[in-house]
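A.B. asks: All chains, please: the whole structure from these sequences, using the hints.
Chains as they are written, first to last, in this note's numbering: chain A, 1 to 189; chain B, 1 to 413; chain C, 1 to 111; chain D, 1 to 401.
Just so you know, these hints were derived from the structure itself, not from any lab. Mixed in with the good hints, there may be bad ones.
Unchecked claim - Coverage of chain A stretches by chain C, computed from C-beta distances (three or more under 8 Å per stretch; other residues unrestricted):
id : region
1  : 25-39
2  : 102-109
As the list claims (entries may be wrong) - Restraint-style ranges between C-beta atoms, simulated for each label pair:
id : chain 1 : residue 1 : chain 2 : residue 2 : range
3  : B       : ILE365    : C       : LEU109    : 54 to 60 Å
4  : B       : LEU27     : A       : SER165    : 38 to 44 Å
5  : C       : ASP102    : B       : ILE365    : 33 to 39 Å
The beta carbon of each residue, even a glycine, is placed where N, CA and C say it ideally should be.
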Amino acid sequence: MLLAAVDWHSYFFMLFAMLACAFAMGVLLTSNIVRMAFYLVLSLGATAGLYFLAGAEFVGAMQLMIYVGGTLVLLIFGVMLTAQSRFVSMKIRPDEWILVASLGGALLLLLLYVAFSVPEWRMEHPHPAEISVAETKLAAPIGLALSGVRLDDGIGYLFPFLIVSVHLLVVLIGAGYLARTKRRATSEN
Amino acid sequence: MVDFFVSTFGMSPTVAAILAAGIQCALLLNVVAVGALVFIWMERKIAGRIQDRLGPTRVGGRFGWLQTLADGIKLIAKEDLTPADADALLFKLAPYISFAASFTAYMALPFSDGWVAVHVNAGVFFILAVLGLEVFGTILAGYASGSKWSLFGAIREAAQVVSYEVPLGLCVVVPVMICGTMDLVAIANMQSAGIWSWLIFHDPFTFCIFWIYFTCAMASVNRAPFDLAEAESELVAGFHTEYSGLRWSFFFMAEYGSMFLVSGLAVILFFGGWNGPLAIMSDKIIGVIPGLGLAGQPNAWGFIAGCVGAANFIMKATIGVTVMIWVRWTLPRLRIDQVMTMCLKYCVPLAAACFLGAVFVKAEIFGLGYLSVDAWLPGLRSDRLEVREGWMTEVEGEGVTLSTEKTLVHGDG
Amino acid sequence: MLPLMAQLTVSHYLFVGAVLFVCGVACMATKRNALGVLMGVELVLNGANMNFIAFASPLLREKHLGLDGQLVALFVIVLAAAEAAVALAIALNFYNNHSTIDVDRASELKG
Amino acid sequence: MATNLEDPRIIEFDVRTDEMLVNMGPQHPSTHGVLRLVLRTDGEVISEVTPHLGYLHRCAEKIGENLTPRQWIPYTDRMDYLAAMNMNLGWSLVVEKLLDHELSDKAKHLRVIISELGRIASHLVGMGAYGLDLGTFSPFLYAFRERERILDLFEEVCGARLTYSYLTPGGATADLPTGWVDKVEAFLRQLEPIISDYHELLTTNAIFIKRTAGIGIMSAEMAIDYGCSGPVLRGSGVDYDLRRDGEERYTEMYDGYAYEVVVEKDGHYPQDRNYPKVPREAVLGDCWHRFYVRMLEVMQAMDLVEQGIEKYKSASGDWGVPIKLTQRLPKGDVYLETEAPRGQMGFYLVSDGSAIPWRVRARSSCFCNLSVTSELCPGCLIADVPAIVGSLDIVMGEIDR
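C.D. replies: Structure (structure tokens):
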């Protein structure tokens with residue numbers, strides 16, 4: 001029957017892809033800032049699912065933990081701190097909508113044309129079944145690659161890894177300093 | 001499970017897969033629901049004992065063990081009202097996010113050797129990631145309830161949970177580093193040679209890492225002295241003030257679910273998961289005396305060993321939950337800034353220092369190697385070699401010998 | 001849609017990446033709330049990340065990027081976190097000084 | 001830390017959007033009854049606190065103008081309902097002062113035993129409720145277990161458990177039942193070790209110290225300026241206790257009793273027993289010290305009751321027959337203050353010569369103690385407000401009357 005024909009991989013891809021696109025559109029369409037944040041969380045969760053499906057298990061878990069669990073919590077904090085009633089839902093004038101819809105549609109069509117025109121990308125993988133599960137267990141090789149030791153003779157990423165970590169440290173301290181609450185001159189507690 | 005259905009009932013693999021997934025979900029949902037049921041009852045009984053009173057005694061037989069069921073039915077029957085200026089959609093959705101997040105983490109939690117719903121290679125990492133999502137439910141509940149006070153509670157709790165994930169992550173990395181893998185089943189199997197193989201006794205650093213882990217776990221689950229969110233004295237009931245009936249019970253279940261989950265993780269990482277102090281089921285007790293060697297065998301004996309292992313695991317995790325309950329009913333509550341300073345000024349530096357110490361012990365730098373138990377009882381961690389083998393086989397062939405690699409593998413004797 | 005689902009190829013993932021990217025750009029263009037623009041940026045970054053993972057996945061293509069694709073995706077995630085932190089700090093600062101989060105109002109530098 | 005409004009540096013934003021007006025409403029569980037605190041908060045830090053009173057006002061004083069003094073006793077019970085015996089004592093002493101009624105020694109010792117037992121019961125509630133404010137539930141139940149035993153004793157004496165109306169002008173409504181005194185001695189013997197457990201449970205608990213030490217610091221001058229009294233005053237190091245420094249008629253009850261006023265004099269508290277040490281962080285006049293003074297006063301009250309029992313057994317005279325219901329009051333006015341568990345409880349009685357007082361006035365100690373909150377709270381966090389209000393140990397019944 002129908003269920004047997006559909007192999008699991010593409011079935012779940014369909015599910016996660018629909019979720020991701022639907023909630024991305026949701027972010028675009030809703031005017032209430034808090035709903036936007038919530039739809040963004042769901043959309044990024046669905047993309048994490050897509051990463052798992054594409055065999056990037058480590059990146060999927062990182063996305064869930066760092067991106068959704070960290071960055072978006074930061075964003076929601078920002079939304080909470082500024083969500084005074086008059087800024088929560090700011091309507092967008094209809095004429096802007098038409099402009100954006102047309103431009104966005106054109107860009108989308110262009111990208112899709114490119115995505116589906118290159119034959120090399122549309123060529124199916126000859127024998128997907130033989131990819132052993134070990135192939136997708138990449139947590140250890142990624143860890144080693146980040147510390148400079150590449151197993152499949154690629155280049156090590158030690159240097160960019162250090163740059164990124166120092167960069168992140170500096171940025172977070174700067175952001176913390178920038179956003180500290182400046183007390184009014186009076187309450188010198 | 002799937003091939004079992006296919007071979008015996010001749011079902012098509014898809015239907016079998018759906019059925020298997022359904023059974024596993026139902027099983028896990030029951031484990032969590034019954035667990036929450038038992039822990040709520042236990043909390044009331046232990047709180048009673050601590051406060052020199054009896055706790056529930058009348059509902060359902062002698063020890064009032066059906067009390068929670070009665071509460072559950074009352075909660076279901078209670079009216080789920082939504083406050084007027086609440087953001088209806090988010091208000092209704094928040095408890096389910098909280099419960100879903102705390103429940104999905106059970107997928108990767110092994111109860112016994114091989115008894116795990118989804119054998120995720122990076123199990124520890126997956127559980128930490130999903131635990132991080134639970135904070136969304138609280139934030140949305142606080143915001144969507146529309147009242148100033150629940151917003152206070154929500155922001156406080158979010159700040160606390162997010163900042164306690166850092167030391168929690170640091171503490172979890174130490175056992176992972178010692179066992180070399182993030183796979184929970186492998187970590188627990190490495191502690192199968194009696195009480196000395198448990199990671200908490202591995203070296204002094206891991207010992208105090210456990211205590212930091214347990215404090216941070218209590219904080220990230222909002223229990224005991226850190227339960228700022230529902231600090232009754234100032235914020236009435238924090239983010240779930242406006243909830244009642246079934247929705248409120250979902251928050252309650254999420255809290256107890258993640259409480260058991262966090263203590264379960266502690267048991268696997270530090271207390272040898274499903275191996276008892278005298279690991280009779282594994283092939284070597286205390287690394288020397290030959291045990292029954294039943295663990296992991298496909299036949300009925302293996303199943304019994306599995307049951308004993310699961311009982312071991314649940315009993316140890318329940319001890320962890322009891323300690324959380326005990327601490328809750330004795331200590332007063334910390335203030336929000338004290339909770340934050342404790343996290344940033346005490347937990348994170350301490351965890352980092354112990355982590356550094358554990359790394360030195362593991363890599364035998366400064367001669368610290370003799371601090372660890374493995375140095376004195378070499379036969380303890382027999383199967384650490386296979387993990388290393390399975391992971392690094394390609395390297396041996398091409399002669400790329402990692403210099404650090406050779407010294408790391410200590411126990412190969 | 002069934003024929004399309006016969007066998008997953010890279011272009012399916014590119015489709016999702018493109019949708020995310022366009023939603024992000026449109027969101028940046030239309031939203032008047034500074035944080036709305038920020039969310040648009042997050043969507044754009046995720047669209048790009050999706051393409052990286054698609055090209056790096058061993059399951060979808062014979063000749064795939066291998067580990068590099070996933071490592072770049074990791075770096076994108078980390079940098080997105082840093083970027084979001086700074087952008088949020090600026091937005092909060094702006095909000096504290098001008099008590100408004102509306103992007104159109106931020107026109108003090110106008111000549 | 002007072003912020004005077006003329007200070008030019010104040011930049012008053014018209015739209016201080018994150019300045020929130022939040023009220024810890026009347027139905028708030030932590031404010032000891034029906035008190036409404038309006039907090040102006042800047043994020044988590046409080047900039048201003050204004051208490052709103054009157055939710056528990058029952059015009060007790062107006063009613064006093066058409067009741068004879070003995071009929072008004074039940075109203076004094078309902079003022080500080082946690083220490084009703086001490087309220088009755090205060091009112092009885094005022095009426096006796098007006099009538100210049102002399103009491104026998106036995107009646108005096110009876111009153112000392114009863115009022116000190118009432119003090120222990122009231123401080124136990126103060127301790128339990130303070131633990132509740134800071135989030136721990138168990139001390140509340142332990143405190144009430146001991147308080148129940150005292151209430152049983154009082155029930156034997158006067159039949160009531162909360163609003164006793166036992167001590168009346170002229171003495172007491174009835175003598176102590178036979179054998180009651182031995183029960184009190186048995187109760188005191190078993191209370192001694194339990195109180196040291198309570199010290200471990202709260203006073204020396206690390207988190208409790210963190211939540212109370214150094215918070216809501218009130219200097220001795222501010223305490224005197226605001227007219228605070230009782231443990232709140234002594235917590236700031238002011239050596240003032242009405243049982244020793246009060247009026248002649250009140251202090252003569254305590255003649256011949258060996259006790260020390262619980263206050264930090266020249267650097268240390270009385271050391272007749274090994275009380276727990278004062279922690280490093282605790283500054284004189286903070287919440288911890290107020291709580292500590294209360295806990296030490298329980299021990300002090302236990303000594304007083306023991307001495308009272310010996311004196312009562314050997315005392316002579318009647319147990320204090322109450323005055324006639326329609327006793328005519330001489331013309332004139334009289335005011336007398338007693339040391340109630342929460343502070344100085346004063347009663348003022350103006351009589352125009354008939355049996356019914358012309359004007360009755362009760363001066364509440366908690367009213368002055370509460371007024372300190374608007375001075376102590378600015379600058380601290382929301383979570384500190386219950387800690388400060390709890391340490392003042394206020395009872396709304398006495399404030400609103």
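A.B. asks: Honestly, which of those hints from before does the structure not fit?
C.D. replies: 5
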